[in-house]
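Chains as they are written, first to last, in UniProt numbering: chain A, 1 to 262; chain B, 1 to 268.
Hints should not be assumed to be uniformly reliable.
Unchecked claim - List time: in silico DMTMM-like cross-link candidates among lysine to aspartate or glutamate, alpha-carbon distance up to 20 Å:
1. B:Lys160 x B:Glu148
2. B:Lys74 x A:Glu241
3. B:Lys215 x A:Glu71
4. B:Lys215 x A:Glu241
5. B:Lys160 x B:Glu146
6. B:Lys74 x B:Asp214
For the record, the hints were derived by calculation from the structure and aren't laboratory data.
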Amino acid sequence: MAFYWSFGTVLILLAITAPAALIFGFGGAVAARSSVLPLRWFGRSYIAIVRGVPDIAFFLFFVIALDQGFEWIRHQVLCPDWDQPIRQGNDFVVCQAAKLPLGSAPQWVHEIYGFAIAVLTFAIVFGAFAANVLFGAMRAVPKAQVETAAAYGMTRRQTFRQIVVPQMWVYALPGLGNLWMVLIKATPLLFLLGVEDIVYWARELGGAKTPRFTDYPHGDWRLWYFLALLVFYLAFTRVSEIFLERLMKRLTRGQATMGGTV
Amino acid sequence: MSCWDTIQAYGLRSIGIGERLLPRDDFTLCQQFTLIGSGMLWNIYFGILALVAGFFLANAVALAKASASPILSKPANLFILVFRGSPLFIQFFLAYFLFLNLKQSTGTFSWLTNAAAGALVVLFLNTAAYSAEIFYGALRSVPRGEVEAADAYGLTGWSKFRRVVWPTTLRLAWPAYTNEAIFLFHATTLVFFAGFPAWQQRGDALYYASYFADKTFNPFVPYPILAMYFILLTLVIISIFGLINRRLNRHLPQEARRRLRFRPQIIR
Numbered sequence: 001m002a003f004y005w006s007f008g009t010v011l012i013l014l015a016i017t018a019p020a021a022l023i024f025g026f027g028g029a030v031a032a033r034s035s036v037l038p039l040r041w042f043g044r045s046y047i048a049i050v051r052g053v054p055d056i057a058f059f060l061f062f063v064i065a066l067d068q069g070f071e072w073i074r075h076q077v078l079c080p081d082w083d084q085p086i087r088q089g090n091d092f093v094v095c096q097a098a099k100l101p102l103g104s105a106p107q108w109v110h111e112i113y114g115f116a117i118a119v120l121t122f123a124i125v126f127g128a129f130a131a132n133v134l135f136g137a138m139r140a141v142p143k144a145q146v147e148t149a150a151a152y153g154m155t156r157r158q159t160f161r162q163i164v165v166p167q168m169w170v171y172a173l174p175g176l177g178n179l180w181m182v183l184i185k186a187t188p189l190l191f192l193l194g195v196e197d198i199v200y201w202a203r204e205l206g207g208a209k210t211p212r213f214t215d216y217p218h219g220d221w222r223l224w225y226f227l228a229l230l231v232f233y234l235a236f237t238r239v240s241e242i243f244l245e246r247l248m249k250r251l252t253r254g255q256a257t258m259g260g261t262v
Numbered sequence: 001m002s003c004w005d006t007i008q009a010y011g012l013r014s015i016g017i018g019e020r021l022l023p024r025d026d027f028t029l030c031q032q033f034t035l036i037g038s039g040m041l042w043n044i045y046f047g048i049l050a051l052v053a054g055f056f057l058a059n060a061v062a063l064a065k066a067s068a069s070p071i072l073s074k075p076a077n078l079f080i081l082v083f084r085g086s087p088l089f090i091q092f093f094l095a096y097f098l099f100l101n102l103k104q105s106t107g108t109f110s111w112l113t114n115a116a117a118g119a120l121v122v123l124f125l126n127t128a129a130y131s132a133e134i135f136y137g138a139l140r141s142v143p144r145g146e147v148e149a150a151d152a153y154g155l156t157g158w159s160k161f162r163r164v165v166w167p168t169t170l171r172l173a174w175p176a177y178t179n180e181a182i183f184l185f186h187a188t189t190l191v192f193f194a195g196f197p198a199w200q201q202r203g204d205a206l207y208y209a210s211y212f213a214d215k216t217f218n219p220f221v222p223y224p225i226l227a228m229y230f231i232l233l234t235l236v237i238i239s240i241f242g243l244i245n246r247r248l249n250r251h252l253p254q255e256a257r258r259r260l261r262f263r264p265q266i267i268r
């Protein structure tokens, strides 16, 4: 049963991460083209660093880093009179009250917390990719449009809100669609973040069972479980591909681009 | 132990030369640098071999996909769909258990369950599928005029392909192929996290980085080291591919050359 639920886990992850990554991406893109220098540097380096390093390294990094970051902040707030250092040799020690989740919390809180950290990690990493796509899309909006807006006396902010943002989506869609496919294909990495997802259950359930431990003894079925996962992902990406194609056709209707032939 | 001793002890640890036991406590910065760097040997090994072998298969598959006969194009389409449509992570798992089953039932393929061979096969097929799609796109955008000119000169068959179509394809595909290469090197980090066991703790760079992060519970040292190594590797790849790109475009006037753009990609 848990195996079937884990498909739901993947779908929930996708449903939460996609908008979250889009928000991160939008923020990153706006920061990268901001006129304030430090903000621009921040946006640009966020995009550059996340894209230059293998993402799986980021997944492994952020899970611990975020966890420790949260605990450190709670530690500072909740236990101001703690006098021992936090890093003691190879240990990371915070006071009991700052533990996240609390040691006394029930099991489901731990699971939700792990899942939330995973979602945040995905959103940060994919936010950088989305930021890059949106950054490109904002620059692809025809310059004449922006100049016309300026000629009508619109402020920078008005231009951005009313001219650039509504138009950039068409330019961003191919990139975002691509990103969506990549996001789907990145979901099995949840397994590495310690969430009990489909990969975990496929390994668990597929492993050889003997009559001593279960009612349904079978040999090593992991091959077949993973084959099922492969088919699931193939079907999923194929369906999204068809859907994105339709969406693109609809959005580009009447646009003066290569895709928008009448 | 001085840093030089550490390098001697762990520099080739990832391929089984040197100290047998990994450091257990009192981790120094030098140890982390050395071991993670030594793990990079595996990433480079997987990357280069898969890339070189995949290049040839990719060309073949791209040609098959572009061919008019469905006997050739159907299997090529299926191959590309399967390897591009599913996560590499799942492919690794599936391949590992497939090889395990083969080993148990036939007993002849035992070498494939080894990461060095088995993961290489998966990476090879995977990069071949991704590059085939790139080459196929380039093949379709070879200018019609060039092909007609070749016809006019009386070139046919193999010599037309070899002298006119293929060089242009390669030239058009090269920028995208550079990204694919970078992407492939990044993907090699998945090997030891997906099924394939690291025998005697001989792992790749990420394997050692996560080892240190687990042991010290401090991710802020090993992962940035790993990132630094990968950025260096990416720069090396870009410069090598840039040289090849220059050679491919050497007959064109300076301003007509397509510049390589650094657009490293995402996970697969």
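For each hint, the structure was consulted:
1. Distance restraint check for Lys160 (chain B) and Glu148 (chain B): the Cα-Cα separation of roughly 10 Å lies within the 20 Å cut-off, and the hinted pair is therefore satisfied.
2. Restraint check: the Cα-Cα separation between Lys74 (chain B) and Glu241 (chain A) comes to about 19 Å, which is no more than 20 Å; the hinted pair holds.
3. With a C-alpha separation of about 19 Å, the suggested pairing of Lys215 (chain B) with Glu71 (chain A) holds against the 20 Å cut-off.
4. A C-alpha spacing of about 42 Å is found between Lys215 (chain B) and Glu241 (chain A), which places the hinted pair above 20 Å, so the restraint is violated.
5. Taking the CA atoms of Lys160 (chain B) and Glu146 (chain B), the gap is near 10 Å; set against the 20 Å cutoff, the hint holds.
6. Distance restraint check for Lys74 (chain B) and Asp214 (chain B): the Cα-Cα separation of roughly 47 Å exceeds the 20 Å cut-off, and the hinted pair is therefore not satisfied.
Hints 4, 6 from the list above are not met by this structure, while the remaining hints are.
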